Structures are given as structure tokens and as C-alpha cells.
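A.B. asks: Residue strings, one per chain:
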Amino acid sequence: MADETTNQGIPAPEGEADIIDTEYEIGQDNIETQIGPFGVDIHNPVFLVSGLVIVAFVFYALALPDQAGAFFNWLRPAVTSSFDWFFFGAADLFVLFCLFLIVSPWGKVRLGGNEATPDYSYMGWFAMLFAAGMGIGLMFYGVSEPMSHFSTAFGGTAEPEGGGARTDWAPLGAAAGDEAEAVRLGMAATIFHWGLHPWAIYAIVALALALFTYNKGLPLTIRSAFYPIFGERVWGWTGHLIDILAVFATLFGLATSLGFGATQANAGLNELFGVPTGATTEVILISAITAVALISVLRGLDGGVKVLSEINMGLAFLLLVFVLLVGPTMAILTGFASSLMAYVEYLPALSNPVGREDVNFSQGWTAFYWAWWISWSPFVGMFIARVSRGRTVREFVICVLLIPSLVCVLWMSVFGGTAIHQVLSDGFTGAQDAALELKLFKMLGELPLAGITSFVGIILVVVFFVTSSDSGSLVIDTITAGGKVDAPVPQRVFWCIFEGAVAIVLLLGGGLGALQAMVISTGLPFTVVLLLMCWAIFRGLQTEAR
Amino acid sequence: MFSKIMVPVDLAHAARLDKALQMASDLAHLYKAHVIFVGVTSPQPGPVAHNPQEFSAKLDAFAAEQAGKRGISASGHAVVSHDPAVDLEAALLKACSDTGAGLIVMASHIPGVSNYLFHAHGGRVAEMAPVSVAVVRGD
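Heads up: the protein sequence lines correspond to chains A and B, in order.
All residue numbers for the first sequence refer to the working numbering, where the first residue is 1 and numbers rise by one.
All residue numbers for the second sequence refer to the working numbering, where the first residue is 1001 and numbers rise by one.
In case anyone wonders, no lab produced these hints; they're calculated from the structure.
The model shown is predicted, which means the values in this text are computed figures rather than measured ones.
Yeah, the Cβ is synthetic: ideal placement off N, Cα and C, and Gly gets one too.
Errors might be hidden in some of the hints.
Take a look, some chain A residues computed to stay more than 10 Å from chain B by CB distance [unchecked claim]: (1) I19; (2) N44; (3) W85; (4) D92; (5) T213; (6) Y214; (7) V275; (8) F322; (9) R386; (10) A487; (11) F538.
Label-pair ranges, simulated between beta-carbon atoms [what the hints assert, rightly or not]: (12) V307/A / H1029/B: 42 to 48 Å; (13) G1138/B / N44/A: 37 to 43 Å; (14) S104/A / A1015/B: 45 to 51 Å; (15) L93/A / V1135/B: 40 to 46 Å; (16) D1010/B / L93/A: 32 to 38 Å; (17) L508/A / D1010/B: 42 to 48 Å.
Isolated chain A, as found in the complex:
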């Protein structure tokens, strides 16, 4: 006999649900066993296949470094030059689809049933979106990317004698010798890579997962989004392959970011304290930061990732305000508005998939970025889905697409704008000449309190590294446990250590080039997965109560 204590912990009734009626029971293919002293609960064969293939890959990179290096150096340009049009077209489509969802009547559908209430406040939610989605990248590219595009655009185009593809790296038609236009084009190109397109990619995956998990009652794993397309076959090998692909994409995408994070933290420590740069320091850094990530993993979603994300957003905001105030404030603020206008103006040309003359820029930067964001999308998308229950589709897409894009514009305007201003007004070319990972610290070095801000910069890189590693472990563990979110914690610990190990091995084996090549080659098949997801979202929303 149930009494009044029932339901106390459950939120108010959630309204109608449109549960998909399937024979599949979550965890039915799982193996629950003991490995040594640890109890595990893993999906067969997703865990075993993805784990073994990654181990085999790592051994290959270590055992035959020269051959592997040559292969990676061939792979990256081969994929981006052959499939650049595909990445471009797909990414454009994702943006259009998201904009359509905002204005469509399905915008009213609520994730988790039409009376569900959000699990997290806006603040905690945004902090987690950012920390998972772009953290390390914003630190790494905040100064270096606007600076690079500005420099190449200012340098103008270069065509080899006798014709052929352009050899310069300038976006579009460049702006040879025109400072003001080079700044506008440089900022527009940067924002293009960090604005609507990446967040649309994340939004698609996150929305598909949230819809099929919270509204349709399917397990929280990538294959669930394909139920409208493949039906019951998603529980068989079709689904296994989708999930295995998602694990690869996530692991290599994460390892790349961890590699970037380690190189940048190392560069910063060298600049500040003279710590030697090189593989040894990077390995020590990755190991130490992975150890910190382990503590965060053991503290769980609310006590680990969420707290760290909020701390980091606070720190990042302080750094942003500091640079804005002590840097060229007026120039940055006017730059923000003009960058935004330049983005809108150049967007059609920058996103054009065919007939591009700026081959180096469009293949080396944009196509690489699209592949990178796409390979990150199962991870970030799943993480966003996990914390987004209770939002409406419209609220969700606006918040995941527009607000982060605007914050990225602001971030790039402040950090990149300050560095460019140093070149144009003060004649300081330190940031312009420095290596990618060092540009941030060179820019900060010209401002007051450089020691403190550079140190804050390093802390930010490290903590973003920790949140990415932690949320990545959470996501890979969920996928390899068949969508179970309460699988034993040692499994999460395993993935956290494994990610660090893959990052170390790939850095030693082939440097960042190896990591980037792997990101691109997993991004390509996953683009097809994302295109199918758009169709699945469309089908899934049609049966929802509005």
C-alpha cells in the first residue's frame, strides 16, 4: 500500500509522452562481470571492439612511427582536399536546419514531456555547454586564429608562376595591403569557424539524443537517434557500428584537444617559469592533469564537472573583462560590432562549398575545423543532451546555437582584437611572430600584470582540460555501457586514464599531426551519421505533443 511519501523525489507530472514501443531492454546486451577485483557492466560488442581497435591503433603508431607518421601526413590533406565540399555542404545544412527548428511549430516541443522542468539553472547549463564544447580551443585559438587570418589576408594572394592553385593561406580573395579590410576579413573568418556552424553541429546531435532519450524512452546512446530510420535493427550491428564510430570520434577528438592543451600549457609554463618545452614536460603535464581529472570523475557530474565548469567560466570571464578594460577598450568594442557585421557580410562567401579559390584556407582551416567539430559532436552533443532535459526545442536551439556563437564573437574580438591592435597601433609583432600555442601569452605579456594573467591563462587551459577529460569519460562510458548511466565508476576511471594514454602515445608517435589526421578521418563518416540524424529529428518531432 503506497502512501503520501510516494513520488516526493520526482518532479511534477511531465505530461504526455510518446514512448517508442520496442522489445529492446536497456542493458540486455551488457556483460556484467568481474575483471580482477572490479565489477563491470559493459556493452558487448561496443566496448570490446572499440577498446581493442584503439589499442591496436596505438600500438601501430608506436611500433612503426615512421610509417605511421607518413600515413598521417598523407591522410589529413587527402581527406580535406577530396571531401571539403561535403564538409562545407553538410555544415551549411545543419545551420539552416537549426534555424528552421527555431521558427517551426516544433519549437514548442519540450524535451522530457511538455510539463518537464529544467534540471539545471541557465548559469550551470551554459557553463557546462562551454566547458565541454570549446574550452581548450578558445584558449588555443583566441589570439592565434584572428592573428593568422589577419596576417595572411593582409599579405594578399599568391599564385604560382604558370598557374595552378593559390599557395597563400588567406581567406577568400584576401585584402592585400588594406589594414582595415584585412582585420574585418580575419575576424569574419575566425568567427565563421567558432560561430553558428560548430554550434549547429553540436545542437543537431544533442537535440537528437535528448529527443529520443527523454521523449521516446530509448537509451542514452548515439544509435537511439536512428530508430526512425533503421527500426529494430539499431539494436544489432547497424547500431553497434554507429556507437563504435562515436567512441572513436570522441576519443580521438578528445586526445587532439588534450594534445593542444598540453602544448599550450607547456608553452605558457616555459614563458612564465622557464620550464623546458618538449615531449617529457608534455607527458608529465598530461599525466598530472589526467590525475586531477580522475578526482573530478570520482566526484560525479554535479560535484565534479559542473563545479569546475562554473569556476572556469568565472575565471574566463574575469580574464575577458581584464583584457577588455586594460587593453584598447574602445577599439575592441567597435571591433566587436564591426566583426559581427563583417561575419554577416562574408558568411555566404565563406560557407560556399564549391568553386573556392582559397584552397589552403578552405581545406586547411575550414574543412579541418568542420571535421574536428563533427568528430567532437557525439561527445559534446551527448553531454549537452544529458544536462538539457526540460528545455523546449526552441529554447534549446537558441541557447545552444546563438548565445554561444555571440560569446565566441566577443571572446575572439577581445583576445584577437587586442593582439591585432598591438600590431597596428603599437608596432608590437611578438604575438604575430610567435608559435600558435604561444601567441596568447605574448599578447598578455604586453598588458599590465602579465605574470598573473598568464598564470590564469595556464590555469584555464588546465581546468578546461580536466572538464573535457571528465565529461569525455562520462560520455564514452555511457556509450560503451549501452546507454546505462549508472554503470560502475571504475569504468569511467578506465576511460579517463585511457584518453590520457592515447593523447600521450599519439603526441610521441606523430605529434599533433597524427591526432589531427585521426580526427578528420573519423569526422568524415560521422558527417553521414549527422545528416541522417537531421532526418531522424524531423521524424521524431512530428509525433510529439506541442
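Since the structure of chain A is provided, determine the placement of chain B on it from the hints.
C.D. replies: Same frame as chain A, but now just chain B:
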């Protein structure tokens, strides 16, 4: 001595709980206490239910079945946790204070080497709970 006894249950593995359920039922008869079965779920679908509402309904059904079978007064109390793998103890301790239970009867596995690295849920609850805790070892 106790008017409410809280019994954490894992509905996915209810068969393993028999000793703890029996002990809770015996104590409930002894003290004429009400038994509250507490289940922790995530907002995501799991092996037991598609959503928290369905989970809550299944927990109620479980409580009703136990009440009928053992002749006790019983109810269910479902708790939603964002990360049940890690936050289980915190969720249970909150349920204990929310329900006003004076005793927790909790099943736990026999400790092994892994408990040096990862604490057992029962042990952790016994360490932190403000009320008496009976940790019942399985077979």
C-alpha cells in the same frame, strides 16, 4: 524504537536483496514500523524504466507487493539523481532526511580488494548517516 525504516532498493537487482528485505520486515514487525523502499534513478531511461515517473510507479508496485507478501506497512520513495553511479550515497542520505526514517537497512556486497579504491555504498552510508544503519551482507 523506530517508527520508519528506510530500505534502499535496486529494482534492477531486486532478487539479490532478499536478506535485507527479510531483516527489514522482521524489524518492522518488532517495532511496528512503516517501511519505506527508496529507489534512486537518473532522468535518462534505464533498465528498469523509461522515465522517472515510470520508475516511481514500479517502485510503488514493488512496495505494495512487499507489503502484501510480508504483512507490513510499506511505501515507495523515488529519488532522481543526475549521476547515480557517483551520487548514490548523497541521494540516499537526502531521502533519509526527507522521509524522516530512524533506521536504514541496506544490502551490501562482501568487501573485496576494490573497496580499497572505491568505497562500498553501504559502508559509505553507514559512515555518513545521522541515523542507525544496518548493513546486511549478501550471501
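A.B. asks: Please go over all the hints and tell whether each is borne out by the structure.
C.D. replies: Tested hints:
1. I19: violated (5 Å)
2. N44: holds (15 Å)
3. W85: holds (37 Å)
4. D92: Correct as stated: the minimum Cβ-Cβ distance to chain B is 32 Å, above 10 Å.
5. T213: For T213/A, whose nearest Cβ neighbour in chain B is about 6 Å away, the distance does not exceed 10 Å, so it is violated.
6. Y214: violated (7 Å)
7. V275: The assertion about V275/A holds, with a minimum of 32 Å to chain B.
8. F322: holds (33 Å)
9. R386: violated (7 Å)
10. A487: Answer for A487/A: violated, closest chain B Cβ roughly 6 Å.
11. F538: holds (22 Å)
12. V307/A / H1029/B: 42 to 48 Å: holds (45 Å)
13. G1138/B / N44/A: 37 to 43 Å: violated (25 Å)
14. S104/A / A1015/B: 45 to 51 Å: Once the Cβ atoms are compared, 47 Å apart, the range 45 to 51 Å for A1015/B and S104/A holds.
15. L93/A / V1135/B: 40 to 46 Å: Because 56 Å falls outside the window, the suggested range is violated.
16. D1010/B / L93/A: 32 to 38 Å: violated (44 Å)
17. L508/A / D1010/B: 42 to 48 Å: Because 43 Å falls inside the window, the suggested range holds.
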